[in-house]
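Participant: These protein sequences, in sequence, are chains U and C. The first sequence begins at 1 in our numbering and counts up one residue at a time. The second sequence begins at 1 in our numbering and counts up one residue at a time.
Honestly, the hints are just simulated from the structure, not real lab data. A portion of the hints provided could be inaccurate.
Computed list of lysine-lysine pairs in DSSO-like fashion (alpha-carbon distance at most 27 Å, straight line) [to be verified]:
| hint | chain 1 | residue 1 | chain 2 | residue 2 |
| --- | --- | --- | --- | --- |
| 1 | U | K68 | U | K5 |
| 2 | U | K71 | C | K57 |
| 3 | U | K111 | C | K57 |
| 4 | U | K57 | U | K71 |
Spelled out from the first residue to the last, the chains are:
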Amino acid sequence: QQQVKQSPQSLIVQKGGISIINCAYENTAFDYFPWYQQFPGKGPALLIAIRPDVSEKKEGRFTISFNKSAKQFSLHIMDSQPGDSATYFCAARKDQGGKLIFGQGTELSVKP
Amino acid sequence: KAGVTQTPRYLIKTRGQQVTLSCSPISGHRSVSWYQQTPGQGLQFLFEYFSETQRNKGNFPGRFSGRQFSNSRSEMNVSTLELGDSALYLCASSSTTSGGWHEQYFGPGTRLTVT
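Model the full structure from these sequences, guided by the hints.
Facilitator: See below:
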């Protein structure tokens, strides 16, 4: 019940295309769902986050879509750029404690 | 504001030794969490400290311990190192303002290699 499953494991997208990464969770007590971006040799950087009371949140080229009934959420990167090439992690947390449960990560490669 | 800082950035230790890693949170952040990142297991939660008290703990053996000081800086210690402890150790800090989302911001990590 503590798992967060992320797919795909790797993704190749052409420049200008849409990158879509999906996550599914089981624990309905989760109430905070962030996405992180990590470049090699760096720590994860918070991209965007959502709570279950909304179905979508958009920040620039990044959008989270949230489906509470299906217990799924996804990250859409519009107009993908080579600079977006990185590993992306979804995560979930319940309450306001520090324990983030992470997905396994998606390695995104955007080809010029 | 300065981000989360971690020292040292790289460390090589021998099996059986112990190691101490340090983390300075973003100014004003009182919660510090630690994570272990490995290619096989991904990002796994170790523990969280708030106001010098451990508030949450992950599923790691007792060889992994931590503490937090009154200035919110935190240290984690791993005793009797094993080869499998080789990993990137990440520290994250978060604000605990009432009504906030308590977003976690990560430092660059300490790369620990056990030989």
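Participant: With reference to the structure, classify each hint as holding or not holding.
Facilitator: Against the structure, the hints:
1. K68(U) x K5(U): Since the Cα atoms of K68(U) and K5(U) sit roughly 15 Å apart, the hinted pair holds (cutoff 27 Å).
2. K71(U) x K57(C): holds, 25 Å
3. K111(U) x K57(C): Answer violated: K111(U) to K57(C) is near 41 Å, above 27 Å.
4. K57(U) x K71(U): Holds. K57(U) to K71(U) sits at ~16 Å (cutoff 27 Å).
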